[in-house]
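Protein chains: 2
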Amino acid sequence: MTSAEKWTDGVDGVLLDMTGVLCESGQSNAIKGSVDAVKRLKEAGLPVRFCTNETTYTSQALVEKMKGFGFDIKPEEVFSPIPAMCQVLKERELHPHLLVHPNALADFSDVSTENPNCVVLGDAVDEYSYDNLNKAFQVLISLNKPSLFSLGKGRYYKDGEDLVLDVGSFCSALEYACDIKAEVVGKPSAIFFNTAVKDMGLSADKVVMVGDDIVSDVGGALSTGMKGVLVRSGKYRTTDENHPKVKPSAIVNDLSEAVDILLKSRKPNWDGLAELA
Amino acid sequence: MTSAEKWTDGVDGVLLDMTGVLCESGQSNAIKGSVDAVKRLKEAGLPVRFCTNETTYTSQALVEKMKGFGFDIKPEEVFSPIPAMCQVLKERELHPHLLVHPNALADFSDVSTENPNCVVLGDAVDEYSYDNLNKAFQVLISLNKPSLFSLGKGRYYKDGEDLVLDVGSFCSALEYACDIKAEVVGKPSAIFFNTAVKDMGLSADKVVMVGDDIVSDVGGALSTGMKGVLVRSGKYRTTDENHPKVKPSAIVNDLSEAVDILLKSRKPNWDGLAELA
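Protein chains in written order, with numbering that gives the first Met the number 0: chain A, 0 to 276; chain B, 0 to 276.
Hints may be right or wrong, so weigh each one.
Repeated chains share a single entry, so a pair holds when one copy, or any two copies, can fit it.
16 Å max Cα-Cα, derived EDC-like pairs, lysine to aspartate or glutamate [unchecked claim]:
#1 K144 x D178
#2 K144 x D239
#3 K144 x E4
#4 K134 x D158
#5 K41 x D259
Hints in this document: simulated from the structure, not taken from any laboratory. As the structure is a computational prediction, the values presented were derived from the model and not from experiment.
Pulled out of the complex, with its shape left as it was, chain A reads as follows:
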């Protein structure tokens, strides 16, 4: 993007992070203006998809929760790591040792976990005990070629008032212990982002991703060829604005402001047309 260009130029589709953009983690209602913002995008005819690394709910429970907050959201519009992970396990005939949130286990019900030959790590929250981390490590170190999958690579997120460690941090612990690199399924993987982009019938350069994670959402979007807009909600911290590696296409207060700017840019400029006449 050159300085003369705007982040809204050429945008024909919108990818939205969920937690931190639509709602705050641990809160029981939507972020102000976000329900209306999603509605306005859809009414304007822009395709919208939801791209989340949430793995502490089943896909179904996540959609129900968002509907409960008032969002116009359909299960087929949501892209989350677990279905993508199950697809990979099936294709490669892998049996995982699962270190995931108890709520997520139902989404793995079709997967055999006997004689595990890989480890799948999700946001396990309280299940990240010393014992459980050791068990996952022991599976990995017993394999000739340890194979670790991480459902996202987030550093931390906001839980109520607190910042807490996310899956990426625990993934780093196991990567270091076994001297390996995990395969990330979820954001910021370009493969994962592109699944949602293609579902809109667009190419990445026509899509903007709006998220609260400077690295996973914004950095991942930019690496995939999308625009990446950072919101000042969710886990946002002022230091994110001067991130040494990731320069967002724009920084806005919240989703509502991002949608205001985007939709305004798409309206014919009547004043401009009048001047041309």
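Based on these hints, arrange chain B on the given structure of chain A.
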């Protein structure tokens, strides 16, 4: 070391790792031959120091434990991370948040932990809970310039029959979460090794380090300019023999064999002298 040289050439002092070389973690006696091996080194007039990353005992308790196993060992011969860490905290006027083993707390009794402005991470074992890791993370992320110290950087160690995660793995989790690099106090830090080397009145090239950790002991020793000998006891795994980065000066079955070879190399070769006569 060229192919014509032996690892024993020019060695005038010996640094010994403790757990995995003198005894096995979780076992109640010394590794066969190791008590006698230490005795033989000392009787041969070679200075011996013990260099450990053990932080689940106070220094005093560690020495008492080793004496109980029959080792000739004095407190002033043991170099472990906590005294070195306390010295750094004092010099830099830092107040740590401690995530360490409860047994190690007594060694920090002179250190103020009010209004923490850094985090010190030791081998906390069962204290590595999700809550405690989050607390350490929250201290770090609240600081303008997060400062993390790690008492060693080991990947894993052997506890009874199991391999379990060591401090380096949890350190990696916090490093990733905060996008920082920890300062390592303990092995494989050259500063730490050199404290023990200097205490023998030697330079690093005159010293051999014997350990069971291919990276922390052997790799660290080689980087410091010492010889590094790997034992096939403790956490040793056959794959260590083909480590992609670290090539030990020698690999021996245990400390007893290392001492056999070293002391034999120092005896005048009477047969050779006879031939010369």
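A quick look at each hint next to the structure:
Taking the closest pair of Cα atoms, K144 and D178 come within 16 Å of each other only inside a single copy of the chain (11 Å); across copies the shortest separation is 28 Å, beyond that limit. For the identical chains of this complex, K144 and D239 are inter-copy neighbours only, at 14 Å across copies versus 37 Å inside a copy, given an alpha-carbon limit of 16 Å. For the identical chains of this complex, K144 and E4 are neighbours neither inside a copy (47 Å) nor across copies (35 Å), given an alpha-carbon limit of 16 Å. Taking CA atoms no more than 16 Å apart as the test, K134 paired with D158 passes between copies only; the shortest distance there is 13 Å, against 26 Å inside one copy.
When the C-alpha separation of K41 and D259 is checked against a cutoff of 16 Å, the pair qualifies only within one copy, where the shortest distance is 13 Å, while the shortest distance between copies is 79 Å.
Of the numbered hints stated above, the single one contradicted by the structure is hint 3.
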